[in-house]
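K.L.:
Keeping their order, the protein sequence lines are chains D and G. Those letters in the first sequence? Residues -14 to 341, per my numbering, in order. Those letters in the second sequence? Residues -14 to 341, per my numbering, in order.
Because the hints were derived from the structure by calculation, they are not lab data. Glycine included, every Cβ here is placed at the ideal spot set by N, Cα and C. Where hints are given, some of them may not hold.
[Stated by the list, open to error] To spell it out: a stretch of chain G is covered by chain D in this simulated footprint if at least three of its residues, at any positions, have a beta carbon under 8 Å from a beta carbon of chain D; those stretches are:
| no. | region |
| --- | --- |
| 1 | 56 to 63 |
| 2 | 76 to 89 |
| 3 | 229 to 243 |
| 4 | 252 to 265 |
There are 2 protein chains.
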Amino acid sequence: MSAERGQAGLPEGPQCPLAVGGHEVIVMAHGGGGRLARQLLEAVFFPAFEADGTRVHHDGAVFAAPPGPLAFTTDSYVVRPLFFPGGDIGKLAVWGTVNDLAMCGALPLALSAGFILEEGFSMATLRRVVQSMAAAARQAGVSIVTGDTKVVERGCGDGVYINTAGVGRVVAGADISPRRLQPGDAIVANGDLARHGIAVLTQRPGFEFENAIDSDCADVSGQVRALLAAGIEVHCLRDLTRGGLAANLVEIAAGAGLRLRLEESALPLADEVAAVCELLGLDPLYVACEGRFVAFVPAAQVPPALAALRGAGAPCPVMIGEVSAACPGGQVILRSRIGGERLLDMPSGEQLPRIC
Amino acid sequence: MSAERGQAGLPEGPQCPLAVGGHEVIVMAHGGGGRLARQLLEAVFFPAFEADGTRVHHDGAVFAAPPGPLAFTTDSYVVRPLFFPGGDIGKLAVWGTVNDLAMCGALPLALSAGFILEEGFSMATLRRVVQSMAAAARQAGVSIVTGDTKVVERGCGDGVYINTAGVGRVVAGADISPRRLQPGDAIVANGDLARHGIAVLTQRPGFEFENAIDSDCADVSGQVRALLAAGIEVHCLRDLTRGGLAANLVEIAAGAGLRLRLEESALPLADEVAAVCELLGLDPLYVACEGRFVAFVPAAQVPPALAALRGAGAPCPVMIGEVSAACPGGQVILRSRIGGERLLDMPSGEQLPRIC
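Let's have the full structure, built from the sequences with the hints guiding it.
P.N.:
If you want it as structure tokens, here you go:
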């Protein structure tokens, strides 16, 4: 009888009602082709992912697609801890892939989900993760239509890893690529930086912060749709995940062969996030977000772009810089509050591992 | 200086030419958003997956899709050992997903690949796996257009896990589903059973078999295309992966509410595979294949179906049974060589973990 069960006030009996085939944790056979694997599908995955009437097939799903170009993307999620203020691995796995489609100017048609479970992983925790994914998908207006589960031996995994892939339809007329950047384009961010990395980091053993910082983890596809629907000529989009604002802009600058200029005084950063970064010696420009992106738009369209973002729920949209001039290899320059200039580079090591 | 390097006769020098950013094994920063992650993409993934001119984007890929319904599928691959007679994790990861699309009557448009790497994993082995994936994709006429890499700490993984997802276009007119099964349909298999599971199992430490058995691991999409092109009215398809012939047919019978009858004397099984199964006490009907499938077709179309499969390179296509009658809950019955009948059931445990 687990402590959890007593706490939940469940009736005493020979088997926990949350168990699958009598197992309260994952066993190797949950990943086989037999009865336990079937029971796991029927007890945990189907009820969550078919709530909207979609059938999760084993070999694959078939669906009608509107004409026009498709976007396709994938990400694996290995974040630790699994649950953190403002989100969890399930929300990340769904919204992260929806956001990657949005960065291609695409709205999601369907998602897949692949689980790698470690023998001994709690069935109750798996249910919680799966239900969070289902809720996140509902919120983003997309279905998880196909999936897969593998089980690895104890010590060959870390509870649960999730891969999602997404297929989306590119919004008519959208043509989004670093190659479309032009000198004079404005760089607009949809909200404050570095929340997600700090939210996850400060939940790890060894950190004791009084006030939890919420992750910025969010579905931004509605914000992208709003920009495009407002007729903004979006040249490029990039979500500020691994590597944060700096690494992502350096990559875009390199791809475009252009110099980008950022104004430090314009960068949105919450006081409490800045304080933790200073305490830990982290540069917030390199800390990952999971619900923040930059849009490159013609300078003349900044006011309507900010209005569109605000109208779609972006927390604090703001212009943070501009595309200045051609520059072979690309360059990102930060103009500091006191007028000095700093060249931003790719980070050489990794500041914060397993934050997504 | 590694032994491998000396053996390969490479020139002496401060750094192995197969290293990435000076590292001959995966380090945590290869999974970050910084310079090492970029170097891993440029040294290992892009050269393999862009050989055909396709650009692997970071956030996602965009491609034109012909009109008509799409199929979408995903699988994670955790097989051990990574390399086995007749295949490796890379081939499985590509062909397994191509085959799942084929089982929907779809030909592949694009694949994604997500890697979960364990800190300390050999860069040379990763290159070998990635090159095998690229070769398998070329052979199947599909590109890996988008991907992702995560790195987990030593002891939180097992070298490499791969997830692939695939998008395909359903062949015009194909309508493939257990619901389309009809009494009188013939069950046709494309080749001999149980090779893959036995090939992998007998490579594990502790087994010493003189003659290696080759996995049946293969791309079967050409065989499915041949069936459809020959005008065969294919009612359902199922590849015989986890759980083997028996578990997959039990699942189909249940989905269709029909009784299936198999003739033991018709089941194709290589002598050496039968011998190993007998020695180890394994039932070959439950051992997984990775290049074998069954097709449910009208009885009158068996000869042209077998001819189409043979023409497309199926190793030994044969009719193995038939759909007999309605049966609530479904049933699969095996008629033995001496005329007895055996009811096949779902396996309750797992015979062979991590064979895919």
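K.L.:
Run every hint past the structure and note whether it holds.
P.N.:
Taking the hints in turn, this is what the structure says about them:
{"no.": "1", "hint": "56 to 63", "verdict": "holds (count 8)"}
{"no.": "2", "hint": "76 to 89", "verdict": "holds (count 4)"}
{"no.": "3", "hint": "229 to 243", "verdict": "holds (count 4)"}
{"no.": "4", "hint": "252 to 265", "verdict": "violated (count 0)"}
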